[in-house]
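Chemist: So the chains spell out like this:
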Amino acid sequence: MKQKLKYMRNSISEKNLISFSYILIFIGLCILFSASKGIVLAKEGFLIRQILWVLIGTFFVYIFRNSDYRGLEKATYIFYPLILIFLSIVLVKGEGRASRWIGFGWFYFQPSEFAKLIVIITLSSYLSRRDIRRFPVLFTSLIIVGIPFLLVFKQPNLGTAIIFILIFLGIAYIAGITRKQLIGLFLIVILSSPLLWAIMREYQRERILTFINPMRDPLGKGYNLLQAKITIGSGGFIGKGFMQGTQTKLAFLPEYHTDFIFCVIAEEFGFLGVLIFVLIYYYFLNKILEIVKETKDDFGKFVATGIFVMFAGHFLINLGMTIGIFPIVGIPLPFISYGGSSLIVSILSVIILSSIKNYSTLF
Amino acid sequence: MEREDFLKKFLFFFTCIILVRCFYLQIVRYPYYYQLSIKNCIRVIETGIPRGIIYDRNGRVLAKDAPSANLVFVPYDIKDVEKVIEILSDILNYDRESLRKKLTRKYINPFDRVVLKRNLTSLEISLIEENLYRLPGIFVQEDIKRVYTFGKGTAHLLGYIGEISKEQLDRLKNKGFKMGDIIGQDGIEKKYDEYLRGIPGGIQVEVDALGHQRRILGRKEGTSGNDIILSIDATIQEIAYEELGEKKGCIAIMDPRNGEILALVSKPAFDPENLISYLDERKHSEKPFLNRVIKGQYPPGSIFKIITEISALETGIIKEYDRIECTGIMEVRDRVFHCWKEEGHGWVDINLALPFSCNIFFGTVGMKLGVSRLIEFAKNFELGKPTGIDLPGEASGYIPSPYEADPLNLSIGQGPITTTPIQLLNLISTVANGGNIWQPFIVKKIISKKGEIIKENTPYLKKTVYIDSETLDILRKGLKNVVEFGTGVRAKVKGLEIAGKTGTAQRAATEIGLPTHGAFVCYAPFDNPKIAIVVFLDYGSSPEAADIAGKILKRIFIPEKMEEGNETETEIYEE
Chain V
4 MKQKLKYMRN
14 SISEKNLISF
24 SYILIFIGLC
34 ILFSASKGIV
44 LAKEGFLIRQ
54 ILWVLIGTFF
64 VYIFRNSDYR
74 GLEKATYIFY
84 PLILIFLSIV
94 LVKGEGRASR
104 WIGFGWFYFQ
114 PSEFAKLIVI
124 ITLSSYLSRR
134 DIRRFPVLFT
144 SLIIVGIPFL
154 LVFKQPNLGT
164 AIIFILIFLG
174 IAYIAGITRK
184 QLIGLFLIVI
194 LSSPLLWAIM
204 REYQRERILT
214 FINPMRDPLG
224 KGYNLLQAKI
234 TIGSGGFIGK
244 GFMQGTQTKL
254 AFLPEYHTDF
264 IFCVIAEEFG
274 FLGVLIFVLI
284 YYYFLNKILE
294 IVKETKDDFG
304 KFVATGIFVM
314 FAGHFLINLG
324 MTIGIFPIVG
334 IPLPFISYGG
344 SSLIVSILSV
354 IILSSIKNYS
364 TLF
Chain B
195 MEREDFLKKF
205 LFFFTCIILV
215 RCFYLQIVRY
225 PYYYQLSIKN
235 CIRVIETGIP
245 RGIIYDRNGR
255 VLAKDAPSAN
265 LVFVPYDIKD
275 VEKVIEILSD
285 ILNYDRESLR
295 KKLTRKYINP
305 FDRVVLKRNL
315 TSLEISLIEE
325 NLYRLPGIFV
335 QEDIKRVYTF
345 GKGTAHLLGY
355 IGEISKEQLD
365 RLKNKGFKMG
375 DIIGQDGIEK
385 KYDEYLRGIP
395 GGIQVEVDAL
405 GHQRRILGRK
415 EGTSGNDIIL
425 SIDATIQEIA
435 YEELGEKKGC
445 IAIMDPRNGE
455 ILALVSKPAF
465 DPENLISYLD
475 ERKHSEKPFL
485 NRVIKGQYPP
495 GSIFKIITEI
505 SALETGIIKE
515 YDRIECTGIM
525 EVRDRVFHCW
535 KEEGHGWVDI
545 NLALPFSCNI
555 FFGTVGMKLG
565 VSRLIEFAKN
575 FELGKPTGID
585 LPGEASGYIP
595 SPYEADPLNL
605 SIGQGPITTT
615 PIQLLNLIST
625 VANGGNIWQP
635 FIVKKIISKK
645 GEIIKENTPY
655 LKKTVYIDSE
665 TLDILRKGLK
675 NVVEFGTGVR
685 AKVKGLEIAG
695 KTGTAQRAAT
705 EIGLPTHGAF
715 VCYAPFDNPK
725 IAIVVFLDYG
735 SSPEAADIAG
745 KILKRIFIPE
755 KMEEGNETET
765 EIYEE
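Sequence order for the protein chains is V and B.
FYI, in the working numbering the residues of the first sequence are 4 to 366.
FYI, in the working numbering the residues of the second sequence are 195 to 769.
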């Protein structure tokens, strides 16, 4: 009996992260359900589609639940070139202002979402066998991240591009990059920033300017930000109640089911809901950090770090932009925002983390 | 290991910042953002501006409000323009191009409703509502329309209401007018707009970002404007309108004792409830929007002989029985001057010259008088000057300077001189009342809904012209004979003594040979004038005009004799 209990506890703790991510997924579906009752998007059935994605993700969990993450190292030789091809296709085929999708019939996917995970694995695999303190290694690392970074940046997808930078910094930091190297990189960035400003699309510059002063154009560029603030602020302490949000329901806030989903939480559940939600997410991210800490295997450690940075980056930037302390760069809130690619990548990341936790301790 | 701890601290630090920021937005700034969110989703949709009722002198309703429905659209919501045009052009019977133009125009606020068509018929409403599911962004919205009891019959008198124009908006912006507001565009509706217009009512609705109405939160009824009582007698107005028939021209009827306008008709008229069909005709030569009574400027023709006669007698140029021979033709220097009667009137004195409207007689008299004196008298009788009637856009007419006119033409009212029909009505009234020039007016009283008198127009004596009683007698006798046996004989009514004068107005010297304008002014009863009439016919003859005036007088006075002291009699202002 005792043994059985211990086994169960173990099995729960092993799957702990995956189970925990399902709490976030469940919260996300509830919020989406509320959002789906709003106008405009009600007919599109995005809730159904999201549930479908959750099922596909769960299928992956079932298949890979016992896989060894170390198999990924070899896979990067296939996946890394493949994702570069996909990103190039998006860039060439991309129609409209910010086309990020590739379609195969009914199935659309966003290569930039998958690129994050693949870059994490590729960079981790590379650095796990070399010393970043050596200049050529640092240089090659920069190339590994730099190519997809530029492809994504040109899409243009500023948000994901920033995540790439964070991923690089995170992994490089854990891999032991020196202070000198960091300062050097920092100087390069500072010096090249005018160049960056030059390649930026007009609307990206506008967004940064709008962030500095949202009242520049309250009905145009500043509209999202202003409406987001109104939505969050009007939630008050306990919120307007589940499914009672006027701002999101009446579509004053555009894209409330994707990038601005946090507003729905803030409006309907108030500061109390926000506090609980942020703490849950914080706990989740801390759990990943624990895995980073426990993992002795370099490759596992770096991958876990990369995934942590990816989640934390999304979390902080997404919330930061919704509450107006970061420019609106258009990245989703993992597990919560509507979007298949993002959800699948998030679930795959959690599977990998769980595998790292299980296998890295075997040594 | 310190590096992982750094990541932990990093995460903790920024999570704290996010929570602090949320605390600030949701707790500290809550009231501010809450107000903004309410403002976002609550909108007041105006349900029209109620206007006061316009009554005639006897309390008959001439214009009032009635509920109506408008077709409105939210520009932002019109995605499939072609489909909308396809459906609406059939239902509304609208031209596709103008519809497309209106739907695709750039609007300042694309979320605000724009009126596509006012006053939908019940058929249109049901057709649109059937198709509403295929027309996102299109709504039927309640409004107020204006109903005119006599329709075209009072078109020029009351005017019409319509959407504020850009020029008007620029002028009236400070008074709280805004785009899409309905204001009086002509006539009494325009002149007294500030009194008539009320405070708009509205429904408070919850709307989404696209302006879609989600639910109605409240309703505020509008406050009607003030009512107006006119000096117009609807019965007489109707009579005048009927008698003018299909002819182009105008009729105005006034009380010569005080300047109250009893009727004012101009044709062709427009339908004030259905303007759209007339808008294309605006440029049309028929000018349905032109109020000929106050805006038509014509040479007065022989009616001006009244002035010539008064000047001649007053200055003593001619005595009552001085005779002049009319051979039908007169040569003055190098010019040949014709009387309208080719064979001439023979030897006539002033008592016969006026009834027969002899041009040779008055031309000769005019030559003796000289241009300056004629002009002086004409100006003394306020010709060539707006009468000051309370309608917008009154024209002044034109009295030439002594250098522009020659006495022959001027003495018979031809040449560069022009007057408006209302001025001639004033002239005949002055003759009727013995020298008083009253300012014609239409609005008697403005009364608030509570019954308080806001404004009351009392008769205003602009000036009194001294006319010797002997002159007046001769003139009046002559005018009576115009109807008895002269040029205005068709105005004759059995049992009623009428004094009048015909006039054939040539538009301008260059237009000689073209059809002329026939006019007739008169007053009755002769001994105790109560009614003065002017009839002006575009391209008509003066006997026709006299005929119409006679018929009107007959209908006003003859039944009145049977039932003594009926409505027109009792209400008319007693001096």
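Hints are supplied without guarantee of correctness; some may be wrong.
[Said to hold, decoys possible] Here are a few chain V residues that sit away from chain B, every Cβ distance over 10 Å (derived from the structure):
hint : residue
1    : S70
2    : S91
3    : I146
4    : Y176
5    : I235
6    : T249
7    : V277
8    : Y362
[To be verified] Pairs of lysine-lysine residues, derived as DSSO-like cross-links and limited to a Cα-Cα distance of at most 30 Å, are as follows:
hint : chain 1 : residue 1 : chain 2 : residue 2
9    : B       : K671      : B       : K562
10   : V       : K290      : B       : K203
11   : V       : K183      : B       : K745
12   : B       : K489      : B       : K367
13   : V       : K96       : B       : K273
14   : B       : K535      : B       : K203
15   : B       : K414      : B       : K367
16   : B       : K489      : V       : K299
17   : V       : K290      : B       : K202
18   : B       : K442      : B       : K367
19   : B       : K657      : B       : K384
20   : B       : K372      : B       : K360
21   : B       : K414      : B       : K369
22   : B       : K385      : B       : K579
23   : B       : K369      : B       : K385
24   : V       : K296      : B       : K202
25   : B       : K203      : V       : K183
26   : V       : K96       : V       : K296
27   : V       : K299      : B       : K273
28   : B       : K385      : B       : K657
29   : V       : K296      : B       : K639
30   : B       : K639      : B       : K489
Simulated from the structure, these hints should not be mistaken for laboratory data.
Treat the numbers as computed from the prediction; the structure is a model and nothing was measured.
Glycine included, C-beta positions come from ideal geometry on N, C-alpha and C.
Chemist: If you draw a straight line from the CA of K385 (chain B) to the CA of K579 (chain B), is it 30 Å or shorter?
Modeler: Given that 30 Å is the threshold and the Cα spacing comes to 19 Å, the pair holds.
Chemist: Please work out if K657 (chain B) and K384 (chain B) have their alpha carbons no farther apart than 30 Å.
Modeler: Holds. K657 (chain B) to K384 (chain B) sits at ~28 Å (cutoff 30 Å).
Chemist: Given the proposed pairing of K372 (chain B) with K360 (chain B), does the C-alpha separation stay at or below 30 Å?
Modeler: 10 Å, holds
Chemist: Could you grab the alpha-carbon distance between K535 (chain B) and K203 (chain B) and see if it respects the 30 Å cut-off?
Modeler: 117 Å, violated
Chemist: Checking the smallest CB distance to chain B, is I146 (chain V) really beyond 10 Å?
Modeler: For I146 (chain V), whose nearest Cβ neighbour in chain B is about 24 Å away, the distance exceeds 10 Å, so it holds.
Chemist: Straight-line Cα separation of K296 (chain V) and K639 (chain B) no greater than 30 Å?
Modeler: Violated - the C-alpha atoms of K639 (chain B) and K296 (chain V) are around 92 Å apart, more than 30 Å.
Chemist: What's the verdict on K369 (chain B) and K385 (chain B), does the C-alpha distance respect the 30 Å limit or exceed it?
Modeler: Distance of about 16 Å is within 30 Å: holds.
Chemist: Hinted pair, alpha-carbon criterion (30 Å max): K96 (chain V), K296 (chain V). Please report holds or violated.
Modeler: 42 Å, violated
Chemist: Evaluate the condition: distance from the CB of Y362 (chain V) to the nearest CB of chain B exceeds 10 Å.
Modeler: 19 Å, holds
Chemist: Take the C-alpha atoms of K414 (chain B) and K367 (chain B), compute the straight-line distance between them, and say whether it is at most 30 Å.
Modeler: 24 Å, holds
Chemist: So if I understand the rule, the pair passes when the alpha-carbon distance is 30 Å or less; does K489 (chain B) with K299 (chain V) pass?
Modeler: 100 Å, violated
Chemist: Please work out if K203 (chain B) and K183 (chain V) have their alpha carbons no farther apart than 30 Å.
Modeler: 22 Å, holds
When the structure is compared with the earlier hints, violations turn up for hints 4, 5, 6, 7, 11, 14, 16, 18, 26, 27 and 29 and for no others.
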